[in-house]
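Just need the whole structure built from these sequences, with the hints factored in.
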Amino acid sequence: MINSRLIKYLEDNRLLSDNQFGFRAKRSTSQAVHHLTNYLTTNLDNGMHTIGIFLDLAKAFDTISCSLLLHKLETLGIRGEQLLLFSDYISDRHQCLKIGQYTSSDLKNSSFGIPQGSILGPTLFLIYINELCSLSLQNGVIMSYADDTALLFSGRSRVEVYEYAQNGFNIVSNWLQKNLLSLNADKTNYILFTMRNANISLTNLNIHAHNCTYADTACTCPTLVKADHVKYLGVTIDTNLNFRKHIELLCTRVRKLIYVFKNLRNVADYKLIKQVYLALCQSILTYCITSWGGAAKTILLPLERAQRAILKVATFRPFRFPTHELYTACNVLTVRQLFILNVVLHQHSVLPFVPVPSDRRRKDSVCIKPQTKHAFAKRFYVFLGPFLYNRLNKVLSIYNVRYKECSKMLSEHLVILNYTDTEQLLEILT
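At position 251 of the sequence shown the residue is numbered 251 (UniProt numbering), and the sequence of numbers has no breaks.
Some clues are possibly wrong.
[Claimed, not checked] DSS-like cross-link-like pairs, simulated, lysine-lysine; straight-line CA separation at most 25 Å:
hint, residue 1, residue 2
1, K274, K408
2, K231, K245
3, K394, K369
4, K297, K256
5, K256, K312
6, K98, K59
7, K59, K72
8, K404, K271
9, K231, K187
10, K408, K26
11, K312, K274
12, K297, K245
13, K187, K245
14, K226, K59
15, K394, K404
16, K59, K231
17, K178, K59
18, K245, K378
19, K226, K187
20, K297, K378
21, K178, K72
22, K262, K312
23, K408, K271
24, K262, K274
25, K373, K297
26, K59, K187
27, K8, K72
28, K404, K274
29, K26, K231
30, K394, K378
31, K378, K231
32, K297, K231
33, K245, K226
34, K256, K245
35, K404, K26
36, K256, K231
37, K394, K408
38, K312, K271
39, K256, K271
40, K26, K8
Bear in mind the hints are in silico, worked out from the structure with no lab data behind them.
Okay, here's the thing in structure tokens:
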């Protein structure tokens with residue numbers, strides 16, 4: 001009850017940063033990755049150089065200062081008896097060490113960390129770290145899911161974006177230090193994003209984890225590691241945003257499930273097998289698919305083959321069984337069709353619901369037609385969301401229906417399409 005009232009107070013008064021996606025209703029890791037890739041795609045398409053710094057905080061939940069947390073609660077308007085309640089909850093906590101049957105004799109008083117395993121813990125952590133997500137960074141934004149934080153910067157030149165990134169990283173590092181949170185500089189990586197492979201030497205451009213006075217000369221502070229790819233919230237993001245590495249990892253995860261279905265098919269009917277497929281396999285395929293599902297056909301093909309291998313094993317189909325007949329018999333969507341479904345559903349969810357059709361609105365222009373400068377951006381949601389929605393609304397008239405009905409109509413339409421028909425929906429990608 002206390003947690004629900006606290007969350008309602010924070011959300012109703014818009015006290016939490018919009019860039020914080022962790023432990024909040026109607027927000028998820030998928031949305032965090034979705035917003036991150038949208039930011040990167042938009043800036044790259046506009047000709048901006050973009051850097052992402054992915055922070056690694058050491059034991060963030062265990063290093064929170066109780067006194068600072070109480071001060072932050074008071075700053076947000078939680079005072080009087082309510083503040084005393086939280087003070088009693090987090091203060092004067094004692095802990096001991098237990099190994100097997102042995103327990104340490106002394107109880108240690110802890111003034112750091114918040115109780116984990118309780119429903120209040122995540123909410124109190126969001127309050128503690130809320131100011132971080134609201135820091136003002138020049139040409140930069142901060143996106144977080146709890147303590148998984150990414151700093152994104154853009155600039156008109158490589159030198160400029162490195163300068164913005166360094167200044168912004170200094171601001172964030174200073175805030176972390178003041179709030180007694182430890183940054184693991186060795187595991188904090190950054191990526192310089194480009195639309196294509198760049199062979200330009202950038203040996204003189206680095207981002208430093210400063211522990212000095214930020215002087216430009218004689219600085220011996222360690223530099224952050226420049227990476228080709230970083231795993232953020234379960235998605236491997238690479239420097240060119242082609243998601244090749246992520247899809248390779250997905251292929252491995254999907255193929256490991258073949259053994260499960262090889263045993264399950266002998267003891268279960270297809271209804272149960274399909275339920276297991278949706279839970280184990282399709283859940284992997286659809287996670288954050290609006291971010292990576294527009295990858296080139298040559299990159300996506302191995303994942304589609306892995307999906308087909310699962311379906312053939314589960315249904316006793318021969319190796320060379322026709323692809324379209326396989327998906328029709330199993331009544332499941334291909335990887336590309338899952339991408340189309342999720343992109344259109346996401347676009348549908350952000351549009352206002354209008355139950356009464358309007359003759360003044362053209363079916364092929366429900367969404368504003370997106371404009372891009374490069375073919376690169378046409379593989380991502382920022383372009384494909386409105387593009388696919390307009391195209392499918394012209395055929396199915398989904399604009400005036402509820403979300404669940406829209407999902408049903410789209411699924412029934414997509415499942416009967418063969419490979420060529422599906423790719424024709426995405427002909428802008430070719």
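Satisfaction of hint between K245 and K231, Cα-Cα up to 25 Å: 10 Å, holds
Pair hint K373 and K297, alpha-carbon separation not exceeding 25 Å: 22 Å, holds
Holds or violated: K394 to K378, with C-alpha atoms at most 25 Å apart: 20 Å, holds
25 Å Cα cutoff - pair K226, K59: 23 Å, holds
Holds or violated: K59 to K187, with C-alpha atoms at most 25 Å apart: The given pair, whose Cα atoms are some 13 Å apart, holds under the 25 Å limit.
Pair hint K394 and K369, alpha-carbon separation not exceeding 25 Å: 14 Å, holds
Proposed proximity, K187 with K231 (alpha carbon, max 25 Å): Holds: K231 and K187 sit about 12 Å apart, inside 25 Å.
Distance restraint between K394 and K404, which requires alpha-carbon spacing of 25 Å or less: It holds: about 19 Å lies between the C-alpha atoms, which stays within 25 Å.
25 Å limit on alpha-carbon distance, applied to hinted pair K256 and K245: 17 Å, holds
Proposed proximity, K59 with K178 (alpha carbon, max 25 Å): 16 Å, holds
K297 paired with K256 [C-alpha distance capped at 25 Å]: Holds, because 23 Å separates the two Cα atoms, which is no more than 25 Å.
Pair hint outcome, K8 versus K72 [Cα-Cα no greater than 25 Å]: Cα-Cα ~17 Å, so holds.
The structure is consistent with each of the numbered hints, conforming to all of them.
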